[in-house]
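Here the protein sequences line up with chains A and B, keeping their order. First residue of the first sequence: 1, per the numbering used here; consecutive thereafter. First residue of the second sequence: 1, per the numbering used here; consecutive thereafter.
Among the hints, erroneous ones may be present.
[Stated by the list, open to error] Straight-line C-alpha distance at most 16 Å; calculated EDC-like pairs for lysine to aspartate or glutamate:
1) B:88 - A:68
2) B:75 - A:79
3) A:52 - B:242
4) A:113 - A:156
5) A:71 - A:100
6) B:11 - A:90
7) A:72 - A:101
8) A:72 - A:103
9) B:6 - A:97
10) A:106 - A:90
11) A:72 - A:61
12) B:6 - A:90
13) A:28 - A:3
14) A:71 - A:174
15) A:5 - A:61
16) A:52 - A:19
17) A:201 - A:19
18) A:72 - A:174
[Stated by the list, open to error] Now the stretches of chain A that chain B is said to cover, found in silico as 3 or more residues with beta-carbon under 8 Å:
19) 45-51
20) 81-88
Since the hints were derived computationally from the structure, they do not count as laboratory data. None of these values were measured; they are calculated from a predicted model. Glycine residues also receive a C-beta, built at the ideal position from the N, C-alpha and C atoms.
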Amino acid sequence: MLETKNLVKKFGSKTAVDDISFTIGPGKIYLLLGPNGSGKTTWMKIAATLTKPTSGNVYWDGKPVGIESRKKISYMPTESYFYNWMRVADVGTYYSDFFEDFDARKFADMLAKLDLAPDARVRDLSSGMNAKLRLAAAMSRYASVYLLDEPLNGIDLVARDQVLDTVIASMTPDAAIVLSSHLVEEVESIASTAVFIRDGKILEIRDTEELRDTDGQSLADRYRLLMR
Amino acid sequence: MAALLKYEFRKTKVLNLVILIIAAIGEGAFLLGSVLWADSALLTGSIVLTCAAAAGFLLVPFQSADLLYRELNTKQSYMLFLTPRSPKSILGAKILTVIIWLAVQGVVFGIFSCVDAAVLYRASGATEGLLSALLSSVGGAGFSVSDLVLFAAKIIGMTYGFILSVLMAYFFAEIVQSTVLNGRKGGVWFSLLIFVILFIAFISITGRVTAAVPEAYQFSVAACMDAACVVLFFFLASSLMEKKLSV
Chain A
1 MLETKNLVKK FGSKTAVDDI SFTIGPGKIY LLLGPNGSGK TTWMKIAATL
51 TKPTSGNVYW DGKPVGIESR KKISYMPTES YFYNWMRVAD VGTYYSDFFE
101 DFDARKFADM LAKLDLAPDA RVRDLSSGMN AKLRLAAAMS RYASVYLLDE
151 PLNGIDLVAR DQVLDTVIAS MTPDAAIVLS SHLVEEVESI ASTAVFIRDG
201 KILEIRDTEE LRDTDGQSLA DRYRLLMR
Chain B
1 MAALLKYEFR KTKVLNLVIL IIAAIGEGAF LLGSVLWADS ALLTGSIVLT
51 CAAAAGFLLV PFQSADLLYR ELNTKQSYML FLTPRSPKSI LGAKILTVII
101 WLAVQGVVFG IFSCVDAAVL YRASGATEGL LSALLSSVGG AGFSVSDLVL
151 FAAKIIGMTY GFILSVLMAY FFAEIVQSTV LNGRKGGVWF SLLIFVILFI
201 AFISITGRVT AAVPEAYQFS VAACMDAACV VLFFFLASSL MEKKLSV
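The following block holds chain A by itself, in its conformation from the complex:
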């Protein structure tokens, strides 16, 4: 589905992603775990075609990611990126105009669930509300892969449950969800596969159930062990 092969990304002298290879398959929720600057966001941005790799690539259905993959991959960045003149409803209209798989009704339902007023101005939203809007926009698409970069950042405790419920509800046998988060304990319950990454390298890829059953470890335990 989404295959990363020998991917390297350098920013000047710094290597953000250092020769990583792995595959994202359908029907699973992947959790990218790693400290700040480990390469999680860089990988997501390359997969979303916002950043060009230095060498290697990410492949969608056998072809390098590009215009065609953007039709199937839905990306939620950590940063606020909507046009300042937009209202919340305008974001939905924008996505409807550009993405065939965008469901305006689903977007409206999510806005209601996440307590976002359609006529609110984007520039007046708090960081948490902006995060909710980014999530609603990304998850209202019927994409094959959802890339959610720190979807729980800046979101209050109650809303986090709503976010995770939204993520789970979007899960289908044909889709894959990849999310990154520092709140390991909160997302552990929904993840099927954990990808541990540090200094641009993948340390290991583990099935969360297998980790629990075989090693008797939670993701948080494993994370602490690997990142020490």
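We have chain A; now place chain B onto it with these hints.
The following block gives chain B in isolation, referenced to the frame of chain A:
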């Protein structure tokens, strides 16, 4: 492309509407002055119309260049580059928006000019003989109104072609800047430097080529050079966006 154009127009409509509204106010003052022979209204209207026309020609491409710079160097770039649209479509929509806005302004100011000329002609009680004398002073003996219209169209066409070639070169400079600097400081100056180099090169080449052809063909050759510049930088810019640009 339709969706891209829709949002390019949305992003640029405020400035253009302000220019057109100011022009309409100037036109109102000019017509009032023409009919009532009120010198101050006539003068004010003339100044406002001239300034609005000049502002339109300068600010429309400037706004487009500024918009592209901000989109390339802030997170708002995600709005364009997450969509399943090619760099050619994205750039094409931007240049088409400028062309359409300039055309709209051209039509509006053209209509204003014709109305003003007609109103002044009637209000002044000028004779056809006086009009012929005025036209001759512009274009020589036998210069008619239709010749004047053609001449004006030529000048406007040349100006449009020049503006578009300059704008496309500046787009290319901005994309080079964004590719190389990737959001670091000094982007504006770097893109300005690249643009100045390209501009000097373009003017130099165009000057030498047009000087080498007979005068009758110089206008056509200059127009072709402008078109070639637009096409060249369009393909270079979109290729760079596709292969190298990270936002």
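Hints versus structure:
1. Under the criterion of a C-alpha separation no larger than 16 Å, the hint pairing residue 88 of chain B with residue 68 of chain A is consistent with the structure, at around 15 Å.
2. Between residue 75 of chain B and residue 79 of chain A, the direct Cα distance comes to roughly 7 Å. Compliance with the 16 Å bound is thereby established for this hinted pair.
3. Under the criterion of a C-alpha separation no larger than 16 Å, the hint pairing residue 52 of chain A with residue 242 of chain B is consistent with the structure, at around 9 Å.
4. The straight-line distance between the Cα atoms of residue 113 of chain A and residue 156 of chain A is roughly 14 Å, inside the 16 Å bound, and the hint therefore holds.
5. For the given pair, residue 71 of chain A sits about 8 Å from residue 100 of chain A by alpha-carbon distance, which is consistent with the 16 Å threshold.
6. For a cut-off of 16 Å, the pair hint linking residue 11 of chain B to residue 90 of chain A stands: about 13 Å separates their Cα positions.
7. With a C-alpha separation of about 8 Å, the suggested pairing of residue 72 of chain A with residue 101 of chain A holds against the 16 Å cut-off.
8. The straight-line distance between the Cα atoms of residue 72 of chain A and residue 103 of chain A is roughly 14 Å, inside the 16 Å bound, and the hint therefore holds.
9. For the proposed pair residue 6 of chain B and residue 97 of chain A, the alpha carbon gap of about 9 Å is at most 16 Å, so the pair holds.
10. A distance of roughly 15 Å separates the Cα atoms of residue 106 of chain A and residue 90 of chain A; the hinted pair therefore holds under the 16 Å criterion.
11. For the given pair, residue 72 of chain A sits about 10 Å from residue 61 of chain A by alpha-carbon distance, which is consistent with the 16 Å threshold.
12. A C-alpha spacing of about 13 Å is found between residue 6 of chain B and residue 90 of chain A, which places the hinted pair at or below 16 Å, so the restraint holds.
13. Restraint check for residue 28 of chain A and residue 3 of chain A: satisfied, since their Cα atoms lie roughly 14 Å apart, inside the 16 Å limit.
14. For the hint pairing residue 71 of chain A with residue 174 of chain A, the CA-to-CA distance comes to about 15 Å; that is within 16 Å, so the pair holds.
15. Straight-line distance between C-alpha atoms of residue 5 of chain A and residue 61 of chain A comes to about 13 Å, which keeps the hinted pair within the 16 Å bound.
16. As the CA atoms of residue 52 of chain A and residue 19 of chain A are separated by approximately 14 Å, the hinted pair is consistent with the 16 Å bound.
17. Between residue 201 of chain A and residue 19 of chain A the alpha-carbon distance is near 7 Å, which keeps this suggested pair within the 16 Å criterion.
18. The suggested pairing of residue 72 of chain A with residue 174 of chain A holds, with an alpha-carbon distance near 11 Å, which does not exceed 16 Å.
19. Under a criterion of three residues with beta carbons nearer than 8 Å to beta carbons of chain B, the stated coverage of the region 45-51 of chain A is upheld, 5 such residues being counted.
20. By the rule of at least three residues with a Cβ nearer than 8 Å to a Cβ of chain B, the coverage given for the region 81-88 of chain A holds, with 4 such residues.
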